[in-house]
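K.L.:
Work the whole structure out from these sequences, hints included.
Residue numbers (our numbering), protein chains in the order written: chain X, 1113 to 1438; chain P, 137 to 653; chain S, 2 to 313.
Any given hint could be a false lead.
Unchecked claim - Looking from chain P toward chain S, a few residues come up when the C-beta cut is under 10 Å (computed):
1) L421
2) T467
3) L470
4) A480
5) E489
6) M492
7) L493
8) N500
9) T510
Stated by the list, open to error - Label pairs and their computed distance ranges (CB to CB):
10) P:G255 to X:T1358: 37 to 43 Å
11) P:G160 to S:Y305: 51 to 57 Å
12) X:L1434 to P:E232: 14 to 20 Å
Unchecked claim - Partner residues are not named here, just some residues of chain X that face chain P (Cβ under 8 Å, in silico):
13) M1113
14) E1115
15) K1159
16) A1305
17) S1308
18) A1312
The set of hints was computed from the structure by calculation and includes no laboratory data. Backbone N, C-alpha and C define an ideal beta-carbon position, used for all residues, glycine too.
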Amino acid sequence: MIELRLWVVQRSGMFLAIALFILMFGIYIGNHPAGLTVNVATTAANKGVLLALVAMAQTLPVLTGGLDLSVGMVFILCNCLASHIVIGSPLQVALGIIAVLATGLAAGAVSGTIIVYGRLQPIITTLATGAIFYGIALLLRPVPGGEIDTNLADFVTYQLFDTVPTTLVLLVLVTAAVWLPFRLSVTGRACLAIGSAEGAAFMSGVAIARAKLLAYVLSGFLAALAGLLLTFITFSGEASAPAGGTYTLNSIAAVVIGGTSLFGGSGGVIGSIFGAFVLRTIEDLLFVFDLPPLWQPLFQGIVLLAAVSLGAGRVFRLRNRLELFG
Amino acid sequence: MIDSPLPDDGAPLLRMRGIAKRYGGVTALDGVDFACRAGSIHAVLGENGAGKSTLIKIIAGVVQPSAGEMFLADHPVRFATPAEATRNGIVCIFQELSLLPDLTVADNICITDPPRRFGLIDGRAQRRRAAELLARVGCADVHPMELVKNLTLSRRQMVEIAKALGRKPKLLILDEATSALTAADVASVYAILHRLRDDGLAILYISHRMHEIAELADLCSVFRNGRHIETFAKGRHSDDEIVELMIGREYRHVFPPKPVRAAPPPPVLTLDRLSWAPRLHDISLTVGSGEIVGLGGLDGQGQRELLLALFGVLRGVTGSIAVAGRPVRPTSPLQAKSPKIGMALIPEDRKTEGLMLPMSVRDNISLASIAQLTRGLTVDRDAETRRIDDMVRQLAIKVDDIDSPVATLSGGNQQKVVIAKWLMTEARIILLNDPTRGIDVGTKQEMYQLLRELADAGAAILLYSTDYDELVGCCDRVAILYQGRILRELRGTEITEHNIVASALNLGLAGGTEAAA
Amino acid sequence: MPRILVRPEFLAFAFIGVMLLAGSLYSANFLSATYLLQQLQVASFLGIIASGAMIVILLGHIDLSIPWVVTVGGMMSTAAAGWWDPALALPFGVLCGLVVGLVNGIGVAFLRIPSMIFTLGINAVAQGLMVLHTGGFAPQDKATPFMHWLSVERSLLGIPNALFVWLLVGSAVAAILGRTPLGRYIYAIGNREAVAYLSGVDTRGVLIICFAISGACSALAGVLLAGYSDKAYQAMGDAYLLPAIAAVVLGGTNILGGRGTYLGTVAGVILIGLLQSILSVMQMPEAGRQIIYGTVIIAMLLVYGRGSRVHS
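P.N.:
Below, the structure written as structure tokens:
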């Protein structure tokens, strides 16, 4: 059983995030006036999955040791695009969805190409491409508006079999169809290798360019999914810079809470999903505890700070101070 | 054009003709002809900067030659990436490990061509393959699912070797691949290499250790200043002759004379029952003014930890440290280097612990003594330049412009920069962590001379070295460590290579267990 | 090619020249002293923020708490004017920013939490505190006459006072980086913290001081911004974070730390300021501005900000 022990220990960050989420969600439901009803669960799920998808998008570049500051803007861009074209006959709707997802892929490809072949740093590259994507979003939706196919929206935002929120099912499907094959593929593992030690990865013959590019492309794809979902939820498209910025920063927090290292090389999407759920539950907790609205942002900030500082205990256990420096 | 003395059986596996490599104005390799054949262990020798690493990198596809041709089994080849070289059966184990610390051993071993199922990595088959290879190199105790970063350096190097074997090499290149191995692991590797040679593999072996060459190699090639000087069979030249070929001039194995003392000198550094669980136990040692005390013993017996503990890097150190009679307890290098204590540490790895490679020679040399060079709020640049120029002269550092990046200097000169940095602090206690590892012979001699001069001026020097010749030649006393304790202190005429080795192994053999890191 | 021509600072200033030329082709008074001085006045706010941001980036870290520390500076200074004495407005505002910076430094230096995520959390906490503050009893948010004078008026030779403040801050930062021990330690830590540590540098102290300086700079900019608009308001600093980082990077500072000069940051700030103002003069809609903004940054970095090929 050494295998199991090692497997668990190596994913301790993820398990911690899951435990944290269960704890917080439990407190939330326990104090919710209505308890765990289907509607409560669905509302929570819809909001949670939205951030979870963006957090998944952020995870992939972070694994390679990079960062994507444009995920929030790809999210907004796809939301605005979807509010135009995901409407009409079933064929048009289908084509519209494909076009939105393709846009996400393309956006990721743009950032990835500049980073890989232009050899620019991810932070500043995605900062700039984020501005470009936001500009395009503004072109699409100078003012909030638009619409989306109502049947599909209802289908996605309610429940399956009247019990399970559809968004949760979709999340599981996306994780199974996109993340797991990626993680178990040679290219997926290459991403972790690059984040762990890019020089050593090169010497080992790992295909660096392809792996990095794929990480950013998939990131764009997942952000596009999130944008699509947002349109289903809000029935409109809005080019909101604050929203984009908030989702980007929250996605980074979710990734950290979920146990993925910002330096790259270890972690995964499942941890980030639960990290996102934790962040969303914090907001809901404030509502449930009837905290005066004035105190809510402060409380949220403190809990966020505490959550991302969880790993700090390590410092006090280290006996060779030289190990503190990467 | 040098012809290698290859026997008439068969063509060489690898042949290089007229290979040259230029980096800007620097010529790393100049018109090199080289060949190696299957079923042989071929050592490549030369000082740092001689071109051996460049040669290896060209063969392994890490860099491209500026000129020349390469033939593999008589087919012309050119490898644009390490992956291409590997596909052609050329596998290289570098000094800087190519392992990914955050991935498992199994993932590392099968990093580029794992067993697959339905297009995805087959984890179980991968673990099996890793376990097989680990057993082949005698490391069956390493679990394939363990993360590489949790392994000791010696085990990591063995994993690297296992990984290389897993790529089914036709030509295996080892570049200083045994530098961090324990004695047991080294013996393992020699056995494996001999087996592989008998199986028909071609093996290229770079090492600075003469006795390794003597044990392993069938053929030796000496490089100097980017040129291939000579290739000869084992036994043809004595060690001293080989060194002369490497440095191009007459070589005298001479250490500066050690002073004869009537009475023990006044103690500068006194350790009493210094401990740091689990690696150091009850270390009691005295270093007097003008003494060079060596730390010997097998690798990983606590020598590195002792130096780090003295320098304030380790937390939880117990026991007492006294400097010139006064008890001190440094809890950081900042405290350790303060004038009250006056320590200096030449660290183990100059590239990651001693130097900021992209920064200038000036910035590197003055880093530890900036406070002394400050007048009021600003740094006195003129005083700094004067003192640095003095230092460069004193240590004979070959550099044209002290504002050029330190990365442009040769290995030996880089190490001199590290030493210069600490000499600027006028430390009275100098700790050295294997300072001459990977340094060319010429610079080594200069360093031995320097150490004796510093000692004669009153410094107390504690020297950890993995080179027995150095310990014998430089030190007034040698303390042998075993499992974190001082086993024996050798003095005067007792300090011989035989006694050092015997002491290091003595308890190990008697106790029945082999020393391991 | 002579080395100076490929230095990022030179290229940044060259690009400024190109933009001034392009702007003058669009509108005649682009090169007028009035217009240029006005640009520099507005750029001063960004310049002060970028000064602090640069120091932290040189360390190999990043300060994402800039947005709300700017707001803290603005709000705490106006509050101090209301609670106590207008003379205390500026010092108190800067002091609050300094304290936040100290907290950032302690989190990064002692708890070893990655600066990106810790300053992000502090940003959220600062936001929470400011929301609490403004929701309280009749918050004092009016700027003092001194603050207004400092940020809007021109005293000497028609040069904006705000520009003098930037000059002062910038000279201090440039002096620190170029001439003091602290500057040497900053570059050393940014290059390789382990080496600095083993060389006896007080790495923790340096980190804390630098984050404190960054906090103070952001807060000072907030005080000036409050003076400019005559009041402090929520989210005053949101628009400044990304331009500050962009300015530092465009000025040739390596985002990973260890390399960069203050002159370059000055060029980067002016560049960003000019770019934003040209786009506004051309009456380019926001969408176009964002696209051009992003494209220009990438284009410039492709010229001089490229990393080296990975070889070992």
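K.L.:
Against each hint, give a clear statement of whether it holds in the structure.
P.N.:
Hints, one by one, checked against the model:
no., hint, in the structure
1, L421, "violated, 22 Å"
2, T467, "violated, 12 Å"
3, L470, "holds, 5 Å"
4, A480, "holds, 9 Å"
5, E489, "holds, 6 Å"
6, M492, "holds, 4 Å"
7, L493, "holds, 8 Å"
8, N500, "holds, 9 Å"
9, T510, "holds, 5 Å"
10, P:G255 to X:T1358: 37 to 43 Å, "holds, 38 Å"
11, P:G160 to S:Y305: 51 to 57 Å, "violated, 20 Å"
12, X:L1434 to P:E232: 14 to 20 Å, "holds, 19 Å"
13, M1113, "violated, 12 Å"
14, E1115, "holds, 6 Å"
15, K1159, "violated, 32 Å"
16, A1305, "holds, 5 Å"
17, S1308, "holds, 4 Å"
18, A1312, "holds, 4 Å"
Violated hints for the displayed structure, listed by number in ascending order: 1, 2, 11, 13 and 15.
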